[in-house]
Amino acid sequence: MKILVAVKRVIDYNVQIRVKEDGTGVVTDNVKMSTNPPDDNAIEEAVKIKESGKATEVIAVTVGEEKAQETVRKALAVGADRGIHVKAEGVIEPLAVSKILQKIVDKEKPDLVFMGKQAIDDDCNQTGQMLSALLDWPQATFASKIEVKDGKLEVVREIDEGLETIEINTPAIITCDLRLNEPRYASLPNIMKAKKKPIEQMNASDLGVDTALKIQQIKVEEPPKRKAGIKVSSVAELVQKLKNEAKVI
Amino acid sequence: MSVLLIAEHNNKELKSFTLNAVTAASQIDSDVHALVIGNNCGDVAKAASELPLVKKVISVEAAHYENFLAENFAPVVIKLADNYSHIVCSANTFGKNLMPRIAAKLDTSQVSDIIKVESADTFVRPIYAGNAFATVKSTDAKKCVTIRPTSFDTCESSGGSAPIETAETAEEFSLTKFVKREEIKSDRPELGTARIVVSGGRGMQSGDNFKLITSIADKLNAAIGASRAAVDAGYISNDHQVGQTGKVVVPDLYIAVGISGAIQHLAGMKESKVIVAINKDGEAPIFSVADYGLEADLFEALPQFLEELNKLNTIQK
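One line per chain: the protein sequences are A and B, in this order. So the first sequence is residues 177 to 425, counted in the numbering used here. So the second sequence is residues 137 to 453, counted in the numbering used here.
Please keep in mind that the hints were generated in silico from the structure rather than gathered at the bench. There's no promise every hint is true.
Straight-line distance between alpha carbons at most 20 Å, and here's what the computed SDA-like set of lysine to any residue pairs gives [as the list claims (entries may be wrong)]:
#1 A:390 <-> B:278
#2 A:390 <-> B:254
#3 A:423 <-> B:313
#4 B:313 <-> A:390
#5 B:313 <-> A:281
#6 A:263 <-> A:281
Hey, can you work out the whole structure from these sequences and the hints?
This is the structure we're talking about:
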């Protein structure tokens, strides 16, 4: 079984986001970037399946600018076998990313495609579902547990009401929740070894995918600020304020 | 052209967030049609027809719609899509799972999780866990939009009498099978719509200690929330998670207990009307969004809190 894992380079989840004064976006210069957190879970799960003997190859793929390659390199350092970097500049909408991934799937013929359930930059939560639509494959979104049983997978999904279990046939798309596993850290020897693993590069335009934006960003602003609160000195004062000042209890 | 609203329900009742989604849909265009896909869900279609903002209900019933699989739902919507300028749905796990499958088939770039309708093609949506708001304009002829339910009021739920039509079913997708759903039943108000939410974090130290939260929530008729750290530590089940990838809540009162206030958690609660933080670390980021902060050991503060609440003559329900 062959597993393709899609990863995205985003602003690190610990960075305090700053909106640009001209309203064109958020500040990305000199800001720490890393792999989208649930994409780390996607890689981890794929590598675990390979380690259990149920998969033979894990391929990491990313779509993005030159530096996005670091994200693939990191995936290689934690156990992916080889990488693919589809170069594209600027914002690429999830629909275009899913069309690019469809081309990669056509070429690589994986049995499973994993990715994070949502990117923490645009918060779209679309790419996995869109890719499964384009391929007409089953989709198991928001996965928190995956069991591989010959030709089929049982996946537990995190839904608003609790948990849902579905059974899907391969090939299939799985989008991963943060709760799926605990991603490992790359060891120094493995980081060194990863430098020798191959990363194939190509341009989005070579794949014949139109990446023109269909959604125009008019402006980006800071959300309204909350006015500063107060510290209360006791529980009695807190309850009194809630009752008489805020009038919420 | 009209707006097609995909109703979320459990085959018996409309989910309350559908009412918020209807409000948003009506701000896009007044001709809102509600699509009810399910199995033996006549009561749901009837309830949808009674929403005054809904002009028509389209009902599609078959056994394979019993469990709301996106693979089965998407083809039904696509068959109907020609008649509509917009397809909308609420942005909870149901809509998040379904809408992109529809949008990709229609070759449309979806606009996710909107919090405001500026016009029929322009919307405001949070990005970066709500740390920025983007105003975006969709240039697609047909627009697929998901709606953050807590950002829109619920619509009137009675007085309407829209006609109910039936539409064709689509073929069953045989490669995905529903196995089971484990819903956590509770007599409490739903987390997403509760007037008061009491949430616990890693500071609770154990699942057992959540009893302290429960007793306060009982007294206030509140829903119980949790940070991701508390869910990951196994103190409480995932359906209680508030945050960027959990639920977004906007109650009148949000009480955060033993929650430090990671960006990801703040994304799910910082629009609450009044926020209380109880934490023994005075430097915790949660205090930066709190209207009332109490720097205290929660194991002392929560029993006192309950005692003070018991002293009150009346508590708003």
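Results of checking the hints against the structure:
| no. | hint | in the structure |
| --- | --- | --- |
| 1 | A:390 <-> B:278 | 11 Å, holds |
| 2 | A:390 <-> B:254 | 18 Å, holds |
| 3 | A:423 <-> B:313 | 49 Å, violated |
| 4 | B:313 <-> A:390 | 34 Å, violated |
| 5 | B:313 <-> A:281 | 23 Å, violated |
| 6 | A:263 <-> A:281 | 17 Å, holds |
Hint check: violations occur at hints 3, 4 and 5; the rest are consistent with the structure.
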